[in-house]
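**Student:** Chains as they are written, first to last, in our numbering: chain E, 836 to 1058; chain H, 5 to 64; chain S, 8 to 247.
The hints are simulated quantities; they were obtained by calculation from the structure and are not laboratory data.
Don't take each hint at face value.
Stated by the list, open to error - Sample of chain S residues at the chain E side, in silico, Cβ under 7 Å:
1. Arg82
2. Ala134
3. Met155
4. Val162
Ideal Cβ placement from N, Cα and C applies to all residues, glycine included.
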Amino acid sequence: MVKKLYWMISKDLLSECRSLRVWPAMLLLGVVVALMFAMQADLPPERLRQIVGGLLWLTIFFAGTLALDRSFAAEREDGCWEGLLSYPVSPTCVYLAKLAVNVVALAALECVLIPLFAILTDVPLLAHPGPIVAVAVLGNLGIAAAGTLLAAVVNTGRQSSYLLSLLVLPAVVPLVLGAAEATRLAVEHDFGPSWWRWVQLLAAFAIIFITAGIVLFEYAVEE
Amino acid sequence: MKEIERNYPMLTFVTAYLIVWFAVLAYMLRLGGEQRRLRRTAEALREQFDKQRPARQRAA
Amino acid sequence: MPETASGRGFVGYLGYAAVAVMVAAAIAAICLLAPTEETMGDAQRIVYIHVAVAWMGLACFIFMAVAGGIYLARRDLAWDHWSRAALEIGWLCCSLTLITGSLWAHAAWNTWWTWDPRLTTAFVLWAMYSAALVLRSGVDDPHRQARMGAIVAIVGALDVPLVVMATRWFRGVHPQSPHMEPAMRVVLGISVVCFTVFFTTLLLLRRSQLRIADMLEDMECGGLPPLSETAGDFPRVLEG
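Work the whole structure out from these sequences, hints included.
**Tutor:** This is how it looks when you write it as structure tokens:
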């Protein structure tokens, strides 16, 4: 199964590198929203420190939804659904592959946005990168897990894709909130019990969403 | 304004319950309307059924 | 044809009358029996309906998720009828929770809304309810609709424990276990029981209505069933 997984992930990543359908739009949206937030947040440094976590994760969420929505678009538009489903892989394998691709996409987004926010707002996001990266990885996993499952639910119907944001946002609010709070506490070097509680919440949600995705994905994509 | 201020708690309480009342009433009216529509459909089907009864009895 | 016997109709009406009496009793208890609180005055009485509809909103979501899960396992659309009925009643209850809570908040804290953990998670629940409604309305095929509804319900059910535990795990302003006089607790109990019965009755009514609607639609589309099968159907449908 690992070989099939590897094949599917590399197939999607390669096709993305060649056609550049999603990533440029996602990165551009992220950068534009980050710039707009930075323009509006004309505050003294202490206040800025408190809100930069929220702004960062909001930007990651909005730009990331673009990538999540398009994760099944290639199959849907080019009519590759039947091909993918008739290939002898279990739906779990498909889900994990799509999840991995989305995680990579969100990671790329975060690699651009976190330094960008650090530059624009002069908040020391990169001073102690360890905790920030940990929070980013966990938040990434959770958002990608929920988003991939719900993208499958939305994309196999004939509804338009605006529905994905409507579905993903409520499911992912605790995650975005948790990541924002954890980032804020990390920036203020407050690694007390509340920081750990937020990190535990993020980890719990990531595990729960991945499990839910593995169990429910086959029901989402059956015809 | 003074009257509203003095009776504010009572007004809040009454507003909340009126909202609940009318929301539930609207939902129940919707259920009733749906039930009427179903009844009409059922009766139309029954008429159709009765008309076809001789033919179906002959076929059966 | 036992279903058309007038005995059933009479029992049905008695049941509805009992529910109506219970609701009236609850309202009477709330207005007359409950003592007036000192700081908030009469606005405090909102809590009796707020707790009842809040608990109902949570229970309906869990019920919808369970019914959806059973549908996914058995593919019997009857379970989807339960899921759809719970979705509608639950959305109604959740919306009323937010509205009554907001009115209470303005009376207590002079603010209509705040991003306290309990309120935020409750809003997330309402958003999941609304998303499920919108999603279902866009799909025609009943089995596909049931499948998608089930998945969204199960994913959204993850928020329910968060709503319940939000006041315990996170700091916020939503009251946790406020001090209430014994008389208030009694009225709260009466209110929760009576309104639960009332909304459950609505749920049962809506579910049977959905079942009949699907049955009639099948008859309309698929043609009329053979003579022997429909002996009892039409009278039962028209009994309502």
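**Student:** Each hint: holds or not?
**Tutor:** Taking the hints in turn, this is what the structure says about them:
1. With a cut of 7 Å, the hint placing Arg82 (chain S) at the interface with chain E is violated, because the nearest CB-to-CB distance is about 10 Å.
2. Among the interface hints, the one on Ala134 (chain S) holds; its C-beta lies about 4 Å from the nearest C-beta in chain E, closer than the 7 Å criterion.
3. Residue-level restraint check for Met155 (chain S) holds (minimum Cβ-Cβ distance to chain E is 5 Å; threshold 7 Å).
4. Restraint check, Val162 (chain S) versus chain E: the minimum CB separation of about 5 Å is within 7 Å; hint holds.
Violated hint: 1 only; the structure is consistent with all others.
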